Amino acid sequence: MFLLDKEHPIKVSTNPKTGEPKPCVLVRSNLEGIISRNIYYKLVELSDIKKENGENIFLLKSNNQTFEIGRLKI
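For the sequence shown, the numbering used here assigns the number 152 to the initial residue and increments by one for each residue that follows.
Think of the hints as simulated: they come from the structure by calculation, not from any bench.
Careful, some of the hints might be misleading.
[Stated by the list, open to error] Using C-beta positions, here's what the derived DEER-type ranges look like: (1) Leu197 x Lys173: 14 to 22 Å; (2) Asn204 x Phe153: 15 to 23 Å; (3) Phe153 x Ile225: 30 to 38 Å.
None of these values were measured; they are calculated from a predicted model.
Just so you know, even glycine gets a beta-carbon here, dropped at the ideal spot from N, CA and C.
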């Protein structure tokens with residue numbers, strides 16, 4: 152177990168065909184772990200929302216770091 156931080160960042164890419172998010176976390180060196188969909192949506196529920204340019208930006212804070220984990224047009 153580890154905290155999300157500078158050495159273990161969360162990154163969310165988007166499938167260009169389906170638009171579905173693919174959340175991953177850097178476990179060590181070049182090893183990324185995929186975050187399950189149900190855990191990802193739980194993290195979205197826990198995130199702060201920033202409104203900017205017609206979008207909701209979901210920001211997750213951990214260990215003095217802030218990670219963008221999604222965007223949704225409003």
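Going down the list of hints, with the structure as the test:
1. Remark: the range hint 14 to 22 Å for Leu197 to Lys173 is upheld by a beta-carbon distance near 19 Å.
2. Between Asn204 and Phe153 the beta carbon distance is about 33 Å. The supplied range of 15 to 23 Å is therefore violated.
3. Between Phe153 and Ile225 the beta carbons are some 33 Å apart, a value that agrees with the proposed interval 30 to 38 Å.
Checked against the numbered hints given earlier, the structure breaks only hint 2 and satisfies all the rest.
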